[in-house]
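J.: From first to last, the protein sequence lines stand for chains A and B.
Going by this note's numbering, the first sequence opens with residue 1, and the numbers climb by one from there.
Going by this note's numbering, the second sequence opens with residue 1, and the numbers climb by one from there.
Take the hints with a grain of salt, since some may be wrong.
Stated by the list, open to error - Straight-line Cα separation of at most 27 Å, DSS-like style, residue types lysine-lysine; simulated pairs:
1. K178(B) with K9(A)
2. K92(A) with K287(B)
3. K126(A) with K171(B)
4. K132(B) with K92(A)
5. K206(B) with K55(A)
6. K92(A) with K286(B)
7. K9(A) with K171(B)
8. K101(A) with K171(B)
9. K101(A) with K161(B)
Honestly, the hints are just simulated from the structure, not real lab data.
This one's a predicted model, so the numbers in the text were calculated from it and none came from an experiment.
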Amino acid sequence: MSKQKWEPKIVAFVCNWCTYAGADLAGTSRLKYPANTKIIRVMCSGGIDPVFILKAFERGADGVLVSGCHPNDCHYNAGNFHARRRWDLFHKLLDFVGIEKDRLQFSWISASEGKKFADVITKVTKDIIALGPFKTYQDMNAEFTTVFPEFAEAGNKEIAYEEEMTNG
Amino acid sequence: MDELRNYARELLEKEEVAAVIGYQQVTEKRTKPIVITDPAETSRLVFNEYCLNNLAVYLTKARIRSLMRTKDKTMKLAIVAKPCDVHSIVALIQENQIHRNDVHIISFNCHGVVKDFGCDFNGDNLAAKCIKCETHKPLYFDKIFGEEKQTPKAGDASLEKINELEKLNSKERFEFFKSEFDKCIKCYACRAVCPLCYCQRCITDKAIPRWIESSSHQRGNFSWNIVRAFHLSGRCTGCGECDRACPMDIPLSLINRRMAMEVKDLFSFVSGRSLETPTLVGNFDKKDSDEIFM
Numbered sequence: 001m002s003k004q005k006w007e008p009k010i011v012a013f014v015c016n017w018c019t020y021a022g023a024d025l026a027g028t029s030r031l032k033y034p035a036n037t038k039i040i041r042v043m044c045s046g047g048i049d050p051v052f053i054l055k056a057f058e059r060g061a062d063g064v065l066v067s068g069c070h071p072n073d074c075h076y077n078a079g080n081f082h083a084r085r086r087w088d089l090f091h092k093l094l095d096f097v098g099i100e101k102d103r104l105q106f107s108w109i110s111a112s113e114g115k116k117f118a119d120v121i122t123k124v125t126k127d128i129i130a131l132g133p134f135k136t137y138q139d140m141n142a143e144f145t146t147v148f149p150e151f152a153e154a155g156n157k158e159i160a161y162e163e164e165m166t167n168g
Numbered sequence: 001m002d003e004l005r006n007y008a009r010e011l012l013e014k015e016e017v018a019a020v021i022g023y024q025q026v027t028e029k030r031t032k033p034i035v036i037t038d039p040a041e042t043s044r045l046v047f048n049e050y051c052l053n054n055l056a057v058y059l060t061k062a063r064i065r066s067l068m069r070t071k072d073k074t075m076k077l078a079i080v081a082k083p084c085d086v087h088s089i090v091a092l093i094q095e096n097q098i099h100r101n102d103v104h105i106i107s108f109n110c111h112g113v114v115k116d117f118g119c120d121f122n123g124d125n126l127a128a129k130c131i132k133c134e135t136h137k138p139l140y141f142d143k144i145f146g147e148e149k150q151t152p153k154a155g156d157a158s159l160e161k162i163n164e165l166e167k168l169n170s171k172e173r174f175e176f177f178k179s180e181f182d183k184c185i186k187c188y189a190c191r192a193v194c195p196l197c198y199c200q201r202c203i204t205d206k207a208i209p210r211w212i213e214s215s216s217h218q219r220g221n222f223s224w225n226i227v228r229a230f231h232l233s234g235r236c237t238g239c240g241e242c243d244r245a246c247p248m249d250i251p252l253s254l255i256n257r258r259m260a261m262e263v264k265d266l267f268s269f270v271s272g273r274s275l276e277t278p279t280l281v282g283n284f285d286k287k288d289s290d291e292i293f294m
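Next comes chain A alone, as it looks inside the complex (with noise of 0.2 Å):
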C-alpha cells in the first residue's frame, strides 16, 4: 500500500427503478457528488439479502448505503415494505454486535430525486470519513488472508481486476 490519503470505500445496493434512476438523473444533470461509491444495481430494495452487506465489509467495503424507491412507489407495489422491516431489524442487529450505525445507511430516492441522490451520497461520504477505515472487521479480513492464502489471491485478482477496470 503507498502512502496515499486514505479514501473510503462505499458500496451502495440501489435498486433498479427508482435509485438507480436516480443517480442517472444526477449524472445527466451534471451534478458533482464524491467518487468514492461504487453502485451495485439491483431489482428491488427487496431483493437485497443482508448477507451482500456482510459480504461488502469482508471484501473491504468501510459504508454501505442501499436505497429504493419511497414506500408507496414501489415498482412491485411492497417490495420496500418488505424490505423496510427487515432493513430496521437488520440495522439494530448490527448495530448490537458493535458495527457503527453510520456504516451501514438507509435512503428512499425516486427518479427524479437526482439532486437528492447527489445529497445522500455525499453524506454518507461524509458520515464514512468521520468514522475512519473499518478497522474492527479488515483487521478480520487481514487475519483470515494470512490464515487461508489462497483465498486472499482470489480476491486480489478480482481487486486487480476492478482497479484496471475503473482505472483504465
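With chain A held as given, fit chain B onto it using these hints.
T.: Just chain B now, with coordinates in the frame of chain A:
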C-alpha cells in the same frame, strides 16, 4: 405421570395419532427425546424438571413427518410440550410448517426446568428461559396435565448482561462479540436444535457463491452468527435451545433476546404467542417506521 402414559396409550391405540414425541428418563437427572409409535412403549414417557429439550424441532423433520402418512389415512402427531415449547409450535403453525389440526399438543402447567442435566432443581440452577418466563400455563393445548406450582425465584443474569453491553460503545461491543464468535467451531448445533431453523437448504450450505465461509475462522463465524441471529429476529420464541446446544458456550440467546426486545419495542410483537396475529417478517404494515431512511 401415569395420566400422561395412559393418555398417550389411548391416543395410539385409538389411532388418533401416528406417534407421540416425548421424553424418556435416562438417568435420575437426565432425560432424552423419544418417538413412540407402539402403545406398549408409552410406559417410558416421563415429564419432570429435567425435560430440557424443545421437542418442536422434530415436527418439521422429514422422518417424523413420514410417520403421519399411512396407506389409507393421514394421522396427527402428538407432542409433549412445555408451555415455552408451545410458543415454538405456534410459530411453526403460523409459518405454515405444520397445520394446527395435524398436531396434538399435550402440555403441562410448568414451574421451570433445570439449566443443565445433572443439576438439582432450585433457584440457582433454573434455566435462563424459565427466569424470564411469563407463561407458566400453555397458551394452546389439546390436553393439559399437572398442577400449578410456584417457580423458584432467581436473578435475571442474561438481562443484566444485555444492559451491560448496551452501555459499552460500538468498538467494545464488537470486541466482545468477536471474542465470543471466535470460539465458534461451525458445528451448526445451534441450527440443528432450533425449531425455527427448518430450511431444507441453509444459506451456509450454498457453495456457489459461498456467502458464508465454512472454515471456522472468525470472519466466517461473524457472518454466520449475524445471519443466524437475523434469520431468527422477529421469529425466535426464546426457548434458549441454541445456548444449551452450543458446545463452545457462546451466549447465542443473548443476541436473540436482545432482538426480541427490539421487536417488541418497534412492532409490539412477540413471536409464537398468538395464532391470530400474522408473522412479523413475512408481512408489513404501511405505517412502519421510516426513521432509519434518509
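J.: Would you check the hint for K178(B) and K9(A), treating anything up to 27 Å between C-alpha atoms as holding?
T.: holds (23 Å)
J.: Quickly compare the C-alpha distance for K101(A) and K171(B) to 27 Å and report which way the hint goes.
T.: holds (12 Å)
J.: Tell me if the straight-line CA distance from K101(A) to K161(B) falls inside 27 Å.
T.: Holds, because 21 Å separates the two Cα atoms, which is no more than 27 Å.
J.: Within a Cα-Cα threshold of 27 Å, do K132(B) and K92(A) meet the stated pairing?
T.: holds (22 Å)
J.: Check the hint pairing K126(A) with K171(B) against an upper bound of 27 Å on the C-alpha distance.
T.: holds (20 Å)
J.: Taking only the CA atoms, is the gap from K92(A) to K287(B) under or equal to 27 Å?
T.: holds (19 Å)
J.: Are the Cα positions of K206(B) and K55(A) separated by 27 Å at most?
T.: holds (14 Å)
J.: Holds or violated: K92(A) with K286(B), Cα cutoff 27 Å?
T.: This hinted pair holds, its Cα atoms lying about 20 Å apart.
J.: Are K9(A) and K171(B) close enough, with their CA atoms no more than 27 Å apart?
T.: The given pair, whose Cα atoms are some 20 Å apart, holds under the 27 Å limit.
Violation of the numbered hints given earlier is absent; every hint is satisfied by the structure.
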